[in-house]
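With chain D's structure known, arrange chain R on it following the hints.
First to last, the sequence lines map onto chains D and R.
Residues 1 to 414, numbered by this note's numbering, are exactly what the first sequence covers, in order.
Residues 415 to 626, numbered by this note's numbering, are exactly what the second sequence covers, in order.
No lab work stands behind these hints: they were computed from the structure.
Even glycine gets a Cβ: it sits at the ideal position worked out from N, Cα and C.
Any given hint might turn out to be false.
[As the list claims (entries may be wrong)] Label-pair distances were calculated between CB atoms; the ranges are:
{"no.": "1", "chain 1": "R", "residue 1": "Ile591", "chain 2": "D", "residue 2": "Ala234", "range": "53 to 61 Å"}
{"no.": "2", "chain 1": "R", "residue 1": "Ser435", "chain 2": "D", "residue 2": "Ala285", "range": "39 to 47 Å"}
{"no.": "3", "chain 1": "D", "residue 1": "Glu222", "chain 2": "R", "residue 2": "Val497", "range": "34 to 42 Å"}
{"no.": "4", "chain 1": "D", "residue 1": "Ala325", "chain 2": "R", "residue 2": "Arg481", "range": "44 to 52 Å"}
{"no.": "5", "chain 1": "R", "residue 1": "Ser431", "chain 2": "D", "residue 2": "Glu259", "range": "21 to 29 Å"}
[What the hints assert, rightly or not] Here are a few chain R residues that face chain D, going by a calculated C-beta distance under 10 Å:
{"no.": "6", "residue": "Thr517"}
{"no.": "7", "residue": "Ala544"}
{"no.": "8", "residue": "Leu548"}
{"no.": "9", "residue": "Arg578"}
{"no.": "10", "residue": "Tyr580"}
{"no.": "11", "residue": "Glu584"}
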Amino acid sequence: MTTDSQPSARALRRDPSGGWLGGVCAGIALRYGVDRTLVRLVFVVATAAGGFGVALYALGWLVIPAGPSTGRRRLPTGRGAVEVALGTGLLLLSVLLTFRGLGIWFSDAIVWPLVLIASGGALIWRGSGTPVAATPQADVPTAALLKGETEERSREPGRTAAAISRTGIGIALVIAAGLAFLQATGALSAARDVLLAVVAAVVVLGVIFAPWILRLVRSLTEERSERIRSQERAEVAAHLHDSVLQTLALVQRSDDPQEVAALARRQERELRAWLSGRPPAGQAARLAAALESAAADVEERHGVPVEVVVVGDSDLDSNAEAVVAATREAMTNAAKFGAGSPVDVYAESSDGRLHVFIRDRGPGFDPATLPADRRGVRESIVGRMQRHGGRAQIASSPASGTEVELELPARSDR
Amino acid sequence: MSSPRVLIVDDHQLFRSGVRSELERHLEITGEAGTVEEAVSAIADDNPEVVLLDVHMPDGGGVEVIRRAAERDMRPCYLALSVSDAAEDVIAVIRAGARGYVTKNIAPEELADAVRRVHDGDAVFSPRLAGFVLDAFAGPAPHPETELDALTPREREIIQHIARGYMYKEIALRLEISPKTVEAHVSSVLRKLQLSSRHELTRWAADRGLGL
Numbered sequence: 001m002t003t004d005s006q007p008s009a010r011a012l013r014r015d016p017s018g019g020w021l022g023g024v025c026a027g028i029a030l031r032y033g034v035d036r037t038l039v040r041l042v043f044v045v046a047t048a049a050g051g052f053g054v055a056l057y058a059l060g061w062l063v064i065p066a067g068p069s070t071g072r073r074r075l076p077t078g079r080g081a082v083e084v085a086l087g088t089g090l091l092l093l094s095v096l097l098t099f100r101g102l103g104i105w106f107s108d109a110i111v112w113p114l115v116l117i118a119s120g121g122a123l124i125w126r127g128s129g130t131p132v133a134a135t136p137q138a139d140v141p142t143a144a145l146l147k148g149e150t151e152e153r154s155r156e157p158g159r160t161a162a163a164i165s166r167t168g169i170g171i172a173l174v175i176a177a178g179l180a181f182l183q184a185t186g187a188l189s190a191a192r193d194v195l196l197a198v199v200a201a202v203v204v205l206g207v208i209f210a211p212w213i214l215r216l217v218r219s220l221t222e223e224r225s226e227r228i229r230s231q232e233r234a235e236v237a238a239h240l241h242d243s244v245l246q247t248l249a250l251v252q253r254s255d256d257p258q259e260v261a262a263l264a265r266r267q268e269r270e271l272r273a274w275l276s277g278r279p280p281a282g283q284a285a286r287l288a289a290a291l292e293s294a295a296a297d298v299e300e301r302h303g304v305p306v307e308v309v310v311v312g313d314s315d316l317d318s319n320a321e322a323v324v325a326a327t328r329e330a331m332t333n334a335a336k337f338g339a340g341s342p343v344d345v346y347a348e349s350s351d352g353r354l355h356v357f358i359r360d361r362g363p364g365f366d367p368a369t370l371p372a373d374r375r376g377v378r379e380s381i382v383g384r385m386q387r388h389g390g391r392a393q394i395a396s397s398p399a400s401g402t403e404v405e406l407e408l409p410a411r412s413d414r
Numbered sequence: 415m416s417s418p419r420v421l422i423v424d425d426h427q428l429f430r431s432g433v434r435s436e437l438e439r440h441l442e443i444t445g446e447a448g449t450v451e452e453a454v455s456a457i458a459d460d461n462p463e464v465v466l467l468d469v470h471m472p473d474g475g476g477v478e479v480i481r482r483a484a485e486r487d488m489r490p491c492y493l494a495l496s497v498s499d500a501a502e503d504v505i506a507v508i509r510a511g512a513r514g515y516v517t518k519n520i521a522p523e524e525l526a527d528a529v530r531r532v533h534d535g536d537a538v539f540s541p542r543l544a545g546f547v548l549d550a551f552a553g554p555a556p557h558p559e560t561e562l563d564a565l566t567p568r569e570r571e572i573i574q575h576i577a578r579g580y581m582y583k584e585i586a587l588r589l590e591i592s593p594k595t596v597e598a599h600v601s602s603v604l605r606k607l608q609l610s611s612r613h614e615l616t617r618w619a620a621d622r623g624l625g626l
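For reference, chain D alone in the conformation it holds in the complex:
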């Protein structure tokens, strides 16, 4: 019934998913190919022989690393964990007392401290080794329970508090075990002298070595910040090399003033975006960045400066994308037919509306006489806006150039 479905493991590993407590027995059974019930029986018998089995099990739990847990079965946590721990402790106590009554017993001076050390050690090791062993949700009540606080605390402090209090209780138990052992063997006063000597030695050594240690710590900190600085410098250098230096090299090799200007403009945009921490073009997820990158594209393709001013910003939903696409088309038209005049783009996102103006100072045209085959304006600008519940308006005159106005609700209603 317990034939192993897992591949035979060469190394000795605990099997938390197949065990009752820490999976020590299951792990040993798995490693040596025996029935885990048999291993458990051995431990129970060993426990009957003066609590030896319990100590051995605790040692195994601490020393043998956990195998790959399937997560199927975990240690109970939260309020349940405390109850289970309490129950187990009481059961163990009754068993021990029974053995004591029956006379199967080493001596009080050994068994009680051992029990204390085992439980304290388990707490400390569990707290430090696997801080997130418990599921987060279940861990918060533990912290609340242990510290007598409400559950309103956020998870992180709660978990830390739980770990700290667990470690604290563990340390107290271990110290208590040590004291109990010393007390029982009558060596407590001797230990006090030793302790005094140790404290004196620590203080003396501390005074002697304090400056050196301080210096060491300080130089380590300095070295660390220096390392961070040089990393940052390397990053900046790498970026400048990939962008600015490359562009400068291209500029030196180019004879075409228009191309040089376009290169310079594009580099300027990239550098500005980088300096202001905006995502580089192509990864734009916000309206402003998307408009900027569309403008840079048009500028590069047609060699006409495009100035973009954005007031407010919004997420790039389907409507905003439509506006960006229509704006791109309008910018392209302005660049193509604007006789080389700069293109001004102004976009405003406020009160749930997107409003974009694209303006050039070119010769202008009469929208009414627009040939039917000019699909750019009809479909890509006017039609697109209407499909998204907005509108597009084109004002053009020879005196003042052309201005396209786009207006749209910011969110798609569909």
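This is chain R only, laid out in the frame that chain D set:
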């Protein structure tokens, strides 16, 4: 029309000489300065009427020049000229007292025109500065009782037109008001920008260590 006497302050030699050669055809250039120190003493010595001021310089930049000149009771007109398009930099130098802000890629004729307008007491808003202003004054005013803290609908309309790339004359034509009225509205916006207690502006100023 008398041409104003202009001082060029910028820490880049190349840029100074470029602007100088472009402006010399239109205006009288009294000198150049490359540091805050030089700028303050040049203002004292040459008594320029308009100072073309770089926003970003070592030792405090344009804001510092305006402050130290004011300490010595010298108050020429300042026109900020910068590649910076960080809102806080631009707003800071405007709040310190500059009468306008233009970007360095402005055409020479437009720059000369802007200098003249500043000299005549007008405010000069580039589309980008107009965008900053609209951003800063967006949303409801924190103190509704002080009318300083909001733009009037008309002012907003005009600033919006500037952001869209319209010249003052074109705005006047479109809104059917006189160019002088446009000027008056723009000056009023500049005044609000310099005096307003809006928290966005306060924050920008505080970020730059200017206080209020």
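Subject >> Hints breached by this structure >> reply: Going through the list in order, the structure violates no hint and respects every one.
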